[in-house]
Amino acid sequence: MKIHQREKNGVNLLEVDGEIDFHSSPQLREQLHQLIDKEGCKLIINLKKVSYIDSSGLATFVEALQRVNRNQGSLIISDLTTPVRSVFEIAKLETIFTLLGSEDEALGVLTK
Amino acid sequence: MSAQNTPGNIIDVTDLVKRFGDRTVLDGMTLGIETGKITVVMGGSGGGKSTLLRNLIGLLTPTSGDIVMDGVSLVGADEAKMNQIRRKFGMLFQGSALFNSMSVGDNVALPLREHTDLSDQIIKIIVKVKLELVGLTGFEDFMPYEISGGMKKRVALARAIALDPKIVFYDEPGAGLDPITASMIDQLILDLSQKLKITSVVVTHEMKSAFHIADKIIVLHKGKVIQTGTSEEIQNSKNPYVKQFISGEPDGAIPLKQTSEEYLKGLLET
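Each protein sequence line maps, in turn, to chains U and H.
Note that the first sequence covers residues 1 to 112 in the working numbering.
Note that the second sequence covers residues 1001 to 1270 in the working numbering.
Where hints are given, some of them may not hold.
Heads up, simulated SDA-like pairs for lysine to any residue below, C-alpha to C-alpha not over 25 Å straight-line [stated by the list, open to error]:
(1) K1216/H <-> I1246/H
(2) K92/U <-> L1192/H
(3) K1216/H <-> Q1227/H
(4) K1128/H <-> T82/U
(5) K1197/H <-> S1183/H
(6) K1197/H <-> P83/U
(7) K1128/H <-> D37/U
(8) K1124/H <-> Q27/U
Here are some of the chain H residues that sit facing chain U, going by a computed Cβ distance under 10 Å [as the list claims (entries may be wrong)]:
(9) D1117
(10) L1163
(11) L1196
Because the hints were derived from the structure by calculation, they are not lab data.
Built from N, CA and C at the ideal position, the CB exists for glycine as well.
Please model the complete structure; the sequences and the hints are all you need to start from.
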């Protein structure tokens, strides 16, 4: 798994490439913590290149959302592939996250 | 130990023989388990169901033959390889096998703590998700002795799927449960199979349950596969052993007891 990070209009964009599983999720968690442990952080996680996510990946995003909420920040997950979206749906998590179809759409929401 | 599965199968068992001393329990068994499907292994006591299951999960070593699971041969696998294979499957034991001194949450968390380096915070979230999947949201802090037998089964199932296995083995999932609770467990097996695309291998002699949940049924008798088919095919089987097993007749193709000759021969052999 690789993580590409950039910034646009004050929003952090994280693009994940590969599988998010028990082996790779701790690395993702560490990188997320660096970005979200700031007051009012704005973050988009682009999952366009993620074909598989397991429970640990899901839990990593839930924890990230808990921290973002605590810091009055915003987190949007975009570009979910069908298998990844179905994992969110199975765990009934699609309603607690803001899941959007594209990064541009997510940027539009966070830079309004 | 890299090996190939038949296309569409996640497990291939070939000419599996298991002997305990002179007693042959698995007598050249060959079968395939299809990926993502529910396969029920059925048969009477002594037919080889439990021995097959123990060979599949690596608790017993085959006398001869081969088992290929998700592209890896179990035969001759060293401990490191077996650990890798064990991550591929979860197991629901007949008696649930929960640790009574640990809370429901800690029981589900156990494989995650044993087999991963995940932080406690992440493990807590995974436990909540798994408990929701088996309909036990909010039961993390209960102790096993505070919940019913059906709930224990569900906790055991949450633990079996904690590591996101590709395959779940169920050993007599309805045993010891009342009919309503047993049906709920059946429904859960169906739900998890469909939702998580898990391959399920269910060992049972509960006919009603088998016909309800199975995509495919494998019937064992005297350590061999005597018929494989859909629920309908098995229910309409012409095989006298299968027919007797389904109808529950006390005597028939499967003899109720040994013949006098066998008895006398056995006496002289001791």
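Distance restraint between K1197/H and P83/U, which requires alpha-carbon spacing of 25 Å or less: holds, 11 Å
Restraint check for K1216/H with I1246/H, where alpha carbons must lie at most 25 Å apart: holds, 15 Å
Given hint D1117/H near chain U, where the shortest CB pair must fall under 10 Å: holds, 6 Å
Given pair status - S1183/H, K1197/H, alpha carbons within 25 Å: holds, 20 Å
Proposed proximity, Q27/U with K1124/H (alpha carbon, max 25 Å): holds, 18 Å
Distance restraint between K1128/H and D37/U, which requires alpha-carbon spacing of 25 Å or less: holds, 24 Å
Given hint L1163/H near chain U, where the shortest CB pair must fall under 10 Å: holds, 7 Å
Proposed proximity, L1192/H with K92/U (alpha carbon, max 25 Å): holds, 14 Å
Proposed interface contact between L1196/H and chain U, which counts if any beta carbon pair is under 10 Å: This interface hint holds because 7 Å falls under the 10 Å limit.
Agreement of K1128/H and T82/U with the hint, judged by alpha carbon distance not exceeding 25 Å: holds, 23 Å
Straight-line alpha-carbon gap K1216/H to Q1227/H, limit 25 Å: Distance ~11 Å between K1216/H and Q1227/H Cα, so the pair holds.
The structure is consistent with each of the numbered hints, conforming to all of them.
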